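Protein chains in written order, with the numbering used here: chain A, 607 to 855; chain B, 1199 to 1865.
Calculated from the structure, these hints are not laboratory results. Just so you know, these numbers come straight off a predicted model, no measurement behind them. Among the hints, erroneous ones may be present.
As the list claims (entries may be wrong) - Listed below are the simulated BS3-like cross-link pairs for lysine-lysine, each with C-alpha atoms no more than 27 Å apart in a straight line:
| no. | chain 1 | residue 1 | chain 2 | residue 2 |
| --- | --- | --- | --- | --- |
| 1 | B | K1708 | A | K815 |
| 2 | B | K1230 | B | K1381 |
| 3 | A | K815 | B | K1724 |
| 4 | A | K696 | B | K1379 |
| 5 | A | K696 | B | K1510 |
| 6 | B | K1708 | B | K1721 |
| 7 | A | K696 | B | K1724 |
| 8 | A | K799 | B | K1618 |
| 9 | B | K1575 | A | K754 |
| 10 | B | K1724 | A | K608 |
| 11 | B | K1383 | A | K711 |
| 12 | B | K1510 | A | K617 |
| 13 | B | K1381 | A | K803 |
| 14 | B | K1555 | A | K608 |
Stated by the list, open to error - Partial pick of chain A residues on the chain B-facing surface, computed with a CB cut under 10 Å:
| no. | residue |
| --- | --- |
| 15 | K622 |
| 16 | L625 |
| 17 | M637 |
| 18 | D644 |
| 19 | D661 |
| 20 | D684 |
| 21 | Q691 |
| 22 | T702 |
| 23 | I703 |
| 24 | D718 |
| 25 | G734 |
| 26 | A749 |
| 27 | P753 |
| 28 | A760 |
| 29 | L794 |
| 30 | Q797 |
Here a beta-carbon is modelled for each residue, glycine too, at the ideal position from N, C-alpha and C.
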Amino acid sequence: MKLTLKVWRQKSANDKGRLETYQLDNVSEHMSFLEMMDVLNEQLIAEGQEPVAFDHDCREGICGMCSMYINGEPHGPDRGVTTCQLHMRKFNDGDTIYVEPFRAKGFPIIKDLVVDRSAFDRIQHAGGFISVNTSGNTQDANAIPVPKDDADKAFDAATCIGCGACVAACKNASAMLFVSAKVSQFALLPQGKVEAKQRVLNMVEQMDKEGFGNCTNTGACEVECPKGISLENIARMNREYLKASLSAE
Amino acid sequence: MSVLDSKIPEGPIAQKWTNHKNKINVVNPANKRLIDVIVVGTGLAGGSAAASLAELGYNVKAFAFQDSPRRAHSIAAQGGINAAKNYQNDGDSTYRLFYDTVKGGDYRAREANVYRLAEVSANIIDQCVAQGVPFARDYGGLLDNRSFGGVLVSRTFYAKGQTGQQLLLGAYSAMNRQIGKGKIKMYNRHEMLDLVIVDGKARGIIARNLVTGELERHSAHAVVIASGGYGNVFFLSTNAMGSNVTAAWRIHRRGAYFANPCYTQIHPTCIPRSGDYQSKLTLMSESLRNDGRIWVPKTLEDAEAIRNGKKKPTDLSEEERDYYLERRYPSFGNLVPRDVASRAAKERCDAGFGVNKTGEAVYLDFSSAIMRYGREKATIIGEVDASEDRIRELGEAVIEAKYGNLFQMYEKITDDNPYKTPMMIYPAVHYTMGGIWVDYNLMTTIPGCYAAGEANFSDHGANRLGASALMQGLADGYFVLPYTIGDYLAHDIRTGRISTELPEFEAAEKEVRERLERFINNKGTKSVDHFHKRLGKVMWDKVGMARNEQGLKEAIEEIRQIREEFYKDVFVPGSMNELNPELEKATRVEDFLELGELFAIDALQRTESCGGHFREESQTEEGEALRDDKNFAFVAAWEWTGESGKQVLHKEELTFNDIELKQRSYK
């Protein structure tokens, strides 16, 4: 395949940034999108130029590190994948592909396609946990049965990889799918119920502080989420939030 | 007399850990506030250690090269975590888990450490459930289990094919609680580039802020290395792109012995490589061997026809297939340990039975399981007259519930539908059992420097059983290190803050700076990856699944050659004072080039076969690994003496009091 790439280059957070055009001649349809980027970088290095900086690590769709905005969609045109799982067979010979970083106020650019997603960590610091210390003497794991349906729903919410595609896809740059996934995981489990009220209040407060927008029910986040996290989680978080806000404590 | 003191406590094996904990020094809570601990790496071992140490009251500084602790490569572990809970009432016990692990490791692990691991395994599950880890449950609401290779009980707890992710997010949440309280100071996008030793004790690290490029000095009373394994020395492996040996290697160069570097696990079920541009290999969880059957065609003609695309796997009848694991190992069948399954796949492919274009692939077939589950399900829902198609549909739904994400992952990569046609798989480098030598307390040969998780060598011998890596990482971090580190730190309560202005810090920082400058100023022509790929090819061809004397000697020479060229001809674009991924790779590959050499030297000295280390010169008539207990029942611990390849070998003799040394058999 022959491709034309329009890649966002930005030297640092303060640089203005611009799209640069590159040609690639020998792209195999079996390559992953990041392997195609590797080929581009090898080509740039051979020409003595600086390669394109991008985040990536596991390259199997689970670490959540890769974060490219490809032809106007986070993680590109395929569904249920991260950028590293996107394969070139989803494109055609002669295509022009636009590659940009995830764009959101909450995700400032560090360099080229690399953004700072530490806001997500800070939201987790505010309440993304159950307050138990390590103990060799906690109760037996089977002491509290959890209905399979609840366990499965908690698991589905917990599969969020924290990549930030939901934010990048949202016209409001809202992080509600991400936050609600964590709130839901714990709200659905008996172990998480004890602190449920405080958790949702604290996490939402931090989310607002970080400058993420609100949800207006467009649903783009759910469509672009590589793990298929459901919008139901946002509804659950809203219920939890309302409950917590109204009950005196 | 060996210079190595493993500090194994006295007493019967079942009492050792309890006795040790009772006698060990502890630091009083008020004094813990005066003590700083650095943890490098935030995977299962590092994350759980950082959280637990902070809960105890120590001031923890944690370092990750990724942008968040949650991205450490433990996240990619799929299948599960072992624990001797005996929830299935199938006769499991601490002793059985201990026995299986020592046997699975081909009798090259330290008995006392493995027993402790088995002992604390049940606590891990309790702890994780309390943290909100959503393990798989059955309809009664209790935890479900499955089986993994090399054992005859069901003791593996799991969360679909994302167990590592869920466990890591559990440890991450425990960390988050402490970060929120200010007890852990988190340094994301930071890479440790050297260890600082003051008066013979580990007192800090030099780290590079990967965003600004700045070198930073960090001091502490103890340093924990939990930086994972070194499988990426092969370039292609199932490790993440950033996984590296640098933290472990830099402490080795500062005096920590490196143990058994040649013990590498080649995982039997990975997606075969597709081309030269390949950047990494993807694992298909061992849990798939619960339900998948591995086969190749019985005849060379059929294998050839399949390679040419003239036949499809589904065209072959049962009689035309060779389920070679079931044939060779009737009692364990498809669930033999990983080393055995990998070698069996290589044997069939080398004999010409491989099923993809490169001839390096075998089938993993779910059709039997789909029909079996489909029939069960049809019975349960009362569809007694269900058609074949209906049964298949029901069966596919059951398989999807169990392995859905793995099947999806396979389909995205290969563009094949594994519900309809068997998966193609081939062995790939996955895990390294070798690592930094540690004593029973997980302390390295440098006082105050500890190693936990995959970064140390201690529990898996020459082969790790499936679902035991997660167990070991969390055991070290939650339940071992928090106790044992106190024994050392109890002597440090009066030390006070350690200044980063000490000359030792200055000297270490200067060395690191010069090392980085040398790369930036090098007027080379080739990329870092160019050299990494060449190293990987030598490692795979000559130090891979099967090794022999001649190949190993050649490998040592070739690695030296590549290293020499690397220093002369590597080109690192950009500057030091910015985000520079090529510079990060350069220092990592530099360390891999030294490790690779020691790896081959270690493989050369160990003329026996054991576990994942297969020397062609030492095999049974049936082609199984043949140990030499008389001469090789020891841990090979290598001491750095100032130059790569010139390490000195120290031996820790392994004694087996509770398990009889036997030729491993899974037949």
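Taking the hints in turn, this is what the structure says about them:
1. B:K1708 with A:K815: 40 Å, violated
2. B:K1230 with B:K1381: 11 Å, holds
3. A:K815 with B:K1724: The given pair, whose Cα atoms are some 46 Å apart, is violated under the 27 Å limit.
4. A:K696 with B:K1379: 46 Å, violated
5. A:K696 with B:K1510: 25 Å, holds
6. B:K1708 with B:K1721: Holds. K1708 (chain B) to K1721 (chain B) sits at ~22 Å (cutoff 27 Å).
7. A:K696 with B:K1724: 31 Å, violated
8. A:K799 with B:K1618: Given that 27 Å is the threshold and the Cα spacing comes to 42 Å, the pair is violated.
9. B:K1575 with A:K754: 18 Å, holds
10. B:K1724 with A:K608: 24 Å, holds
11. B:K1383 with A:K711: 25 Å, holds
12. B:K1510 with A:K617: The hint is violated at about 51 Å.
13. B:K1381 with A:K803: Satisfied, since the Cα-Cα distance of roughly 24 Å is no more than 27 Å.
14. B:K1555 with A:K608: 24 Å, holds
15. K622: 16 Å, violated
16. L625: Violated, about 19 Å.
17. M637: Status holds, d = 5 Å.
18. D644: 6 Å, holds
19. D661: 7 Å, holds
20. D684: It holds, given that the least Cβ distance between D684 (chain A) and chain B is near 8 Å, below 10 Å.
21. Q691: With a closest approach of 5 Å, the Q691 (chain A) hint holds.
22. T702: 21 Å, violated
23. I703: 17 Å, violated
24. D718: Cβ of D718 (chain A) sits 8 Å from chain B, so the hint holds.
25. G734: 5 Å, holds
26. A749: Since the shortest Cβ distance to chain B is 9 Å, the answer is holds.
27. P753: With a closest approach of 5 Å, the P753 (chain A) hint holds.
28. A760: Holds. Min distance 4 Å.
29. L794: Check passed: Cβ of L794 (chain A) comes within 8 Å of chain B, closer than 10 Å.
30. Q797: At 5 Å from the nearest chain B Cβ, Q797 (chain A) passes the 10 Å test, so the hint holds.
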